[in-house]
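Student: Use the sequences and the hints to build the structure in full.
Each chain, letter by letter, is given below.
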Amino acid sequence: MFDQFSYLYVEDDPLSREIMDVVMKSIMMVKSFVMFENSANFMARLEALPQPPDFILLDIHIEPHSGFDLLDMIRANGAYANASIVALTASVMNQEVEQLKHSGFDGAIAKPVDVRVFPDLMRQIINGESVWYIA
Amino acid sequence: MRAFFNSLSLKIGGIIVLVEVIALTIAGIIYLNNFSAQVDTRRESTVSLPAKLMNAGLLDLNAINNADTMRELIGEDVRNAQVAAINQVVFFSSNPDDIGKAIQEIDGINLEAFNQSVTAVDQVLIQNQDTLTYVAPVFAADGRTPRFYVYIEVSNAEAIAQKSAIAQLFILGTLMTVAATSVIIFFSFNITVLRRILDVVGTLKRVEDGDLSARVNERASKDEIGQLQLSVNSMASRLQNLVEGLEERVTARTRDLAVVADVSLRITTILDNAKLLKEIVTQTAQGFTLYHVSIFLFDEETRRLRYEAGNGDVGEILKAEHKSFTLNDAVGLVPLAAQRRKAVVVNDVTRDPNHFKNAHLPHTRSEATLPIIVAGELIGVLDLQSEQVDRFKDDDLRIMTLLAEQIGIAVQNARLYANQVKVADKLQALDNMKSQFLASMSHELRTPLNAILNFARFILMGLFGATTDKQRDGLEKIISSAEHLLSLINDVLDVTKIESGMLQLLVEDDVNLETELRSVISTAESLVSSKPIQLIQDIDDDLPLLVGDRRRIRQILLNVISNACKFTESGTITISANTRGDEIMFAVIDTGLGIAADDLDIIFEPFQQTEHGIKHAGGTGLGLPISKKLVEAHEGRLWVESEVGEGSSFYVTLPIEPLRLLEKLQIVREKV
Chain A
1 MFDQFSYLYV EDDPLSREIM DVVMKSIMMV KSFVMFENSA NFMARLEALP
51 QPPDFILLDI HIEPHSGFDL LDMIRANGAY ANASIVALTA SVMNQEVEQL
101 KHSGFDGAIA KPVDVRVFPD LMRQIINGES VWYIA
Chain B
1 MRAFFNSLSL KIGGIIVLVE VIALTIAGII YLNNFSAQVD TRRESTVSLP
51 AKLMNAGLLD LNAINNADTM RELIGEDVRN AQVAAINQVV FFSSNPDDIG
101 KAIQEIDGIN LEAFNQSVTA VDQVLIQNQD TLTYVAPVFA ADGRTPRFYV
151 YIEVSNAEAI AQKSAIAQLF ILGTLMTVAA TSVIIFFSFN ITVLRRILDV
201 VGTLKRVEDG DLSARVNERA SKDEIGQLQL SVNSMASRLQ NLVEGLEERV
251 TARTRDLAVV ADVSLRITTI LDNAKLLKEI VTQTAQGFTL YHVSIFLFDE
301 ETRRLRYEAG NGDVGEILKA EHKSFTLNDA VGLVPLAAQR RKAVVVNDVT
351 RDPNHFKNAH LPHTRSEATL PIIVAGELIG VLDLQSEQVD RFKDDDLRIM
401 TLLAEQIGIA VQNARLYANQ VKVADKLQAL DNMKSQFLAS MSHELRTPLN
451 AILNFARFIL MGLFGATTDK QRDGLEKIIS SAEHLLSLIN DVLDVTKIES
501 GMLQLLVEDD VNLETELRSV ISTAESLVSS KPIQLIQDID DDLPLLVGDR
551 RRIRQILLNV ISNACKFTES GTITISANTR GDEIMFAVID TGLGIAADDL
601 DIIFEPFQQT EHGIKHAGGT GLGLPISKKL VEAHEGRLWV ESEVGEGSSF
651 YVTLPIEPLR LLEKLQIVRE KV
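Sequences listed follow chains A and B, in order. Position one of the first sequence corresponds to residue 1 (our numbering), numbered consecutively onward. Position one of the second sequence corresponds to residue 1 (our numbering), numbered consecutively onward.
Just so you know, not all the hints are guaranteed correct.
Claimed, not checked - 30 Å max Cα-Cα, derived DSBU-like pairs, lysine-lysine: (1) A:Lys101 <-> B:Lys671; (2) B:Lys52 <-> B:Lys163; (3) B:Lys470 <-> A:Lys25.
What the hints assert, rightly or not - Beyond 10 Å from chain A on every Cβ pair, some chain B residues (computed): (4) Val118; (5) Ser164; (6) Ser234; (7) Ala261; (8) Lys275; (9) Glu279; (10) Gly376; (11) Phe604.
The hints are simulated quantities; they were obtained by calculation from the structure and are not laboratory data. Virtual Cβ for every residue (Gly too), placed ideally from N, Cα, C.
Tutor: Laid out in structure tokens, this is it:
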């Protein structure tokens with residue numbers, strides 16, 4: 001079911017990218033999966049994609065624009081109104097989680113990602129649930 | 001009246017009167033005796049007069065007949081006067097009837113006297129009680145041959161009356177004298193002595209009652225009372241001076257103490273050292289009206305006394321000049337006080353070579369320096385300078401020493417406080433470092449480990465190509481070890497966080513216990529799949545959503561359930577979760593090994609495992625202790641009931657809405 005959607009993952013850690021790549025393509029059988037190594041020129045690169053992604057997974061501590069900034073940018077652009085935007089965060093503080101919820105993310109998943117549950121989480125999101133899986 | 005009887009007047013007057021009376025009485029007796037004797041002597045001579053005259057031929061014998069003549073000659077009434085011849089016949093007599101009789105025949109004649117005279121042919125005088133009798137011969141021309149005898153008898157009555165009159169006169173005189181002298185004594189004593197003494201007494205009483213200005217009215221009398229007056233007045237003056245002097249000193253000291261108390265009060269509230277010292281010197285200079293007050297602080301390292309604060313603008317100037325003394329400087333009262341560790345006073349600096357003449361303080365005339373010592377340690381020196389000579393007396397020094405002590409304490413406090421602030425800052429910094437460390441460590445440790453696990457799993461899943469059995473076997477071992485390592489890291493980090501009080505819960509208000517339980521139980525099923533154990537579930541259908549940390553709640557459930565799985569070989573493990581009022585009661589009851597009574601507490605202690613536990617490797621010994629803390633962080637309770645061989649029952653209660661957690665959540669939400 002995952003293969004119906006397209007995914008974008010913004011992550012600066014190579015290992016994490018590689019892991020996500022395997023999960024997406026080899027486990028979830030996703031066909032359309034793009035990764036950005038950083039958030040420079042984000043909107044330009046986003047718009048340059050062949051398909052607007054249905055799911056955008058953002059590492060909160062990305063540079064130069066943080067996950068929050070990117071969220072704002074994306075939401076500002078009506079073309080991506082339907083995208084589910086999920087934050088990937090290493091923090092487990094109430095403060096940040098509340099911030100994430102408040103900012104308008106559709107969910108948050110703790111880093112490092114648990115690949116055993118990741119597909120289930122994605123399924124939940126596809127089903128329209130907000131997922132706040134902080135480990 | 002009593003006063004009178006107690007009075008000196010009476011005593012002295014009494015003595016004087018007594019003495020007077022005695023003296024006058026003695027004098028009287030002597031005089032009266034004398035007088036009496038004189039009277040008697042005179043009478044004796046006058047009574048013999050007629051006979052003598054007759055013998056001299058100057059008087060006729062018949063003069064005896066004439067009473068008047070007799071009276072004139074003798075001076076008194078003659079009672080009986082006779083002239084008798086030698087044949088003792090009366091020739092002449094005061095009583096005519098007696099003439100011609102023998103003298104023996106006459107009444108009242110003292111014959112004894114007559115006969116004696118006749119016998120002795122000489123005059124005879126006999127004094128009786130009533131009469132004086134005189135008999136004397138009248139001689140013939142030859143002067144030897146008696147021709148007649150003259151007999152004269154005079155009554156003593158007159159003489160007695162005379163004497164008596166004189167005596168009475170004398171007594172009267174004595175009495176009047178006594179009375180007069182009494183009055184004179186009384187009045188003059190009163191005036192010269194008593195009144196003046198009473199005046200002194202009155203003055204002394206007034207002084208006693210508190211009027212130190214009372215004095216006796218002095219008249220320039222040099223007598224003893226005059227001296228008493230002078231002495232009393234001089235004593236009163238001295239007393240007055242003394243008391244006034246004392247009062248002045250007390251007032252001055254009280255005022256000084258008030259200044260010290262005021263300074264102490266102010267300086268105890270100042271913890272900034274620079275401000276403190278400036279405040280001290282300013283207040284001291286003001287309170288004691290001193291020309292210049294300064295504090296030097298002792299620097300242990302350089303062994304110098306540095307000028308730290310002084311009142312007024314001069315204080316700022318001198319501080320800016322970095323004025324300082326070494327301990328051994330030859331000139332200067334400041335180093336001297338520090339060396340001697342005792343106050344040094346120079347009440348006239350012009351006469352003392354020790355005084356350090358400061359160009360900015362030209363008007364100094366007296367100076368006192370006091371060492372400031374706290375707990376035996378030299379903190380500094382307090383330097384006081386005055387424009388007056390002799391400003392620093394013993395009393396002043398006492399007060400100043402007190403002040404120096406207070407200053408020492410205040411400076412010490414300020415230093416301690418500064419130290420404390422430093423220490424507190426350091427501790428805070430350390431604390432921050434620690435929590436930063438823990439936070440980053442968590443992430444830094446987990447990330448590579450996760451990568452290990454993920455890639456191993458990928459390979460095992462065949463995503464990187466086919467694998468041999470051996471390879472798969474090896475990968476499983478890698479994964480299992482990495483998972484174990486991960487749980488170790490997590491546990492150690494958890495314990496560290498808990499021990500440093502840095503455990504933070506990620507509180508959500510929609511934790512679905514049922515979901516979590518289901519997930520945990522499915523893990524348990526795989527744990528007991530190889531053993532003859534039946535998992536029984538007794539979970540309420542309508543478990544409410546909890547407020548809490550989802551992950552931690554899952555951690556607790558997993559820990560308790562996996563323990564049951566670990567320590568049960570056969571039988572049942574019953575997992576129940578039921579709503580009980582405002583909390584959820586979660587229980588795991590197994591038919592496993594059970595826990596010895598001694599161990600019931602140990603199992604909740606970190607890094608301890610029971611005898612049995614050690615046999616079952618694969619635990620960190622931290623699971624239960626961490627769970628307990630987590631449960632308590634959720635305002636719940638975790639406890640166990642067990643008997644060896646009978647199995648164990650673990651109970652967890654979790655409030656559905658733990659108040660504190662809710663509050664925290666709300667606060668965080670409000671901030672956002």
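Student: For each hint, tell me whether it holds in the structure or not.
Tutor: Do the hints match the structure? See the list:
Pair hint lysine 101 (chain A) plus lysine 671 (chain B) holds up; C-alpha atoms about 13 Å apart against a cutoff of 30 Å. Proximity of lysine 52 (chain B) to lysine 163 (chain B) is assessed by CA-CA distance (about 27 Å); at most 30 Å being required, the pair is judged to hold. Distance hint between lysine 470 (chain B) and lysine 25 (chain A) is fulfilled; the C-alpha atoms sit about 26 Å from each other, no more than 30 Å. Non-interface call for valine 118 (chain B) relative to chain A: holds, since the shortest CB-CB distance, roughly 174 Å, exceeds 10 Å.
Every C-beta of chain A lies more than 10 Å from that of serine 164 (chain B), the closest at about 144 Å, which supports listing it as non-interface. Non-interface status of serine 234 (chain B) relative to chain A is upheld: no Cβ of that chain comes within 10 Å, the nearest being about 91 Å off. For alanine 261 (chain B), the shortest C-beta to C-beta distance to chain A comes to about 51 Å, beyond the 10 Å cut-off, and the non-interface label holds. Consistency note on lysine 275 (chain B): stated as away from chain A, and its beta-carbon is indeed over 10 Å from all of that chain's, at 39 Å minimum.
Against chain A, the non-interface label of glutamate 279 (chain B) holds: every CB pair exceeds 10 Å, the least being about 44 Å. Non-interface status of glycine 376 (chain B) relative to chain A is upheld: no Cβ of that chain comes within 10 Å, the nearest being about 52 Å off. Once the 10 Å rule is applied to beta carbons, phenylalanine 604 (chain B) is consistent with being away from chain A; the minimum gap is 25 Å.
The earlier numbered hints are all upheld by this structure, with none contradicted.
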